[in-house]
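Mind docking chain G on chain X? Use the hints.
Protein chains: 2
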Amino acid sequence: MHHTPLIMTLFSGGMDSATALFRCIGEYGPEKVIAVSFRYPSKHNAHELKAARAVLEYLSPHAPRHQLVDITSCFEGFKSNLLQSGGEIPEGHYSADNMKLTVVPGRNFIFLAVAAGLAESLGVGKICIAAHHGDNYIYPDCRETFIRTAGESIALSTEGRVTLASPFTGMTKNEIAYIGKNLGVPFVLTRSCYKNQEKPCGKCGTCTERREALAAIGIVE
Amino acid sequence: MHHTPLIMTLFSGGMDSATALFRCIGEYGPEKVIAVSFRYPSKHNAHELKAARAVLEYLSPHAPRHQLVDITSCFEGFKSNLLQSGGEIPEGHYSADNMKLTVVPGRNFIFLAVAAGLAESLGVGKICIAAHHGDNYIYPDCRETFIRTAGESIALSTEGRVTLASPFTGMTKNEIAYIGKNLGVPFVLTRSCYKNQEKPCGKCGTCTERREALAAIGIVE
Numbered sequence: 001m002h003h004t005p006l007i008m009t010l011f012s013g014g015m016d017s018a019t020a021l022f023r024c025i026g027e028y029g030p031e032k033v034i035a036v037s038f039r040y041p042s043k044h045n046a047h048e049l050k051a052a053r054a055v056l057e058y059l060s061p062h063a064p065r066h067q068l069v070d071i072t073s074c075f076e077g078f079k080s081n082l083l084q085s086g087g088e089i090p091e092g093h094y095s096a097d098n099m100k101l102t103v104v105p106g107r108n109f110i111f112l113a114v115a116a117g118l119a120e121s122l123g124v125g126k127i128c129i130a131a132h133h134g135d136n137y138i139y140p141d142c143r144e145t146f147i148r149t150a151g152e153s154i155a156l157s158t159e160g161r162v163t164l165a166s167p168f169t170g171m172t173k174n175e176i177a178y179i180g181k182n183l184g185v186p187f188v189l190t191r192s193c194y195k196n197q198e199k200p201c202g203k204c205g206t207c208t209e210r211r212e213a214l215a216a217i218g219i220v221e
Numbered sequence: 001m002h003h004t005p006l007i008m009t010l011f012s013g014g015m016d017s018a019t020a021l022f023r024c025i026g027e028y029g030p031e032k033v034i035a036v037s038f039r040y041p042s043k044h045n046a047h048e049l050k051a052a053r054a055v056l057e058y059l060s061p062h063a064p065r066h067q068l069v070d071i072t073s074c075f076e077g078f079k080s081n082l083l084q085s086g087g088e089i090p091e092g093h094y095s096a097d098n099m100k101l102t103v104v105p106g107r108n109f110i111f112l113a114v115a116a117g118l119a120e121s122l123g124v125g126k127i128c129i130a131a132h133h134g135d136n137y138i139y140p141d142c143r144e145t146f147i148r149t150a151g152e153s154i155a156l157s158t159e160g161r162v163t164l165a166s167p168f169t170g171m172t173k174n175e176i177a178y179i180g181k182n183l184g185v186p187f188v189l190t191r192s193c194y195k196n197q198e199k200p201c202g203k204c205g206t207c208t209e210r211r212e213a214l215a216a217i218g219i220v221e
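Same order as they appear, the protein sequences are chains X and G.
Its first residue numbered 1, the first sequence is counted upward by one per residue in the working numbering.
Its first residue numbered 1, the second sequence is counted upward by one per residue in the working numbering.
The following block holds chain X by itself, in its conformation from the complex (with noise of 0.2 Å):
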């Protein structure tokens, strides 16, 4: 049953990492899969949860495990207008300055490295994280060069045991769009939007961002 081993995929509830799951489950199966969510102190975290319930559900009763990580306390004393002990969070494209108030140092690299650590307590060979070429221009930890040294970071920190998947570094948004099209995912359930509200602001980066990619297929929200 269980001679291929299983594989954790960080899945926030938004577009690239729901995408970034299917993949995972065409590839491997849900029994094989773990979607892993991080609890933590953004402004948009319990929306972002509450799509990744929602992707998962969608997919039941074929729907692969869900392990949510709480590491809120991580956090204390870090700063970014992401979090909800920062400022306003800026309107306009991702391109723009303004939109680096959004970046929360080292985020990418905690979720990794508590990943790592869950993932050999649970035998789980690989992780898979969705980080993507359009991210790189404001987010250090989204970047190929990251990625890579974090990646071996984790194979060293396991002994080889666990490896780092990052599918779509080298894509852009669209191209993930794409990708999740043909693999059925469902958009409309997944969340993008930085800020607290229930229905998405529309003007923020991601927002922006998630626009543009979904006109690329041809959804319009």
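Hints may contain errors.
Which copy is meant is left open, so a pair is good if it fits within one copy or across any two.
[As the list claims (entries may be wrong)] Within a straight-line C-alpha distance of at most 30 Å, the following computed DSS-like cross-link-like pairs (lysine-lysine) qualify:
id, residue 1, residue 2
1, K126, K199
2, K79, K32
3, K100, K32
4, K32, K203
Hints were generated in silico from the structure; no laboratory data involved.
Just chain G now, kept in the frame of chain X:
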């Protein structure tokens, strides 16, 4: 006043990290140093934090700032005998195979990732960790290869604003003890034992290693 950047040193309350702390203070001055301790669910955590506070009190009124970061919830589901949720702490020398039960998967990885994000937020330019050669045999995330890639990950995730120093990589614990002695580290206040008991057991791997290192500098506890 603040022309040289701050330095953050991971400080468990053990003899190695106490030596690293004294070294940082000697090099940069106490006002430039932030000692970071982690609250996490190891059996000995409360005892080591008590030791950390005792060492800092010893340095008073010229003690560096102390920041305690609670990362307890990160370790939910982790398997290790070092954790409160795990089995008994094995006794014997580190080289014994049963000591591997005390590995907490990715512990230093998580420490460093959280430290990197916090460092960015606090304006810290360098993180210091006291990993050393003697730990290497069983702890993958103390090895030079891991520390090097983790350092690259830190630099990349902070766009070079934060770097990692690991001054004891390649040294033995005896050498660290010798350095600590010369720096005036009050080893009697430090704590090494992995067990959850007031008085160190004297039998676990870290008690054994500590006894040997202190004997090398003429201290018998």
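These are the hints, each one checked on the structure:
1. Proximity of K126 to K199 under the C-alpha cut-off of 30 Å is found in neither arrangement, the shortest distances being 34 Å within a copy and 41 Å between copies.
2. For a Cα distance limit of 30 Å, the shortest separation of K79 from K32 across copies, 20 Å, qualifies, whereas the shortest one inside one copy, 37 Å, does not.
3. Taking the closest pair of Cα atoms, K100 and K32 come within 30 Å of each other only across two copies (27 Å); inside a single copy the shortest separation is 37 Å, beyond that limit.
4. Taking CA atoms no more than 30 Å apart as the test, K32 paired with K203 passes in neither setting, with 38 Å inside one copy and 41 Å between copies.
Checked against the numbered hints given earlier, the structure breaks hints 1, 4 and satisfies all the rest.
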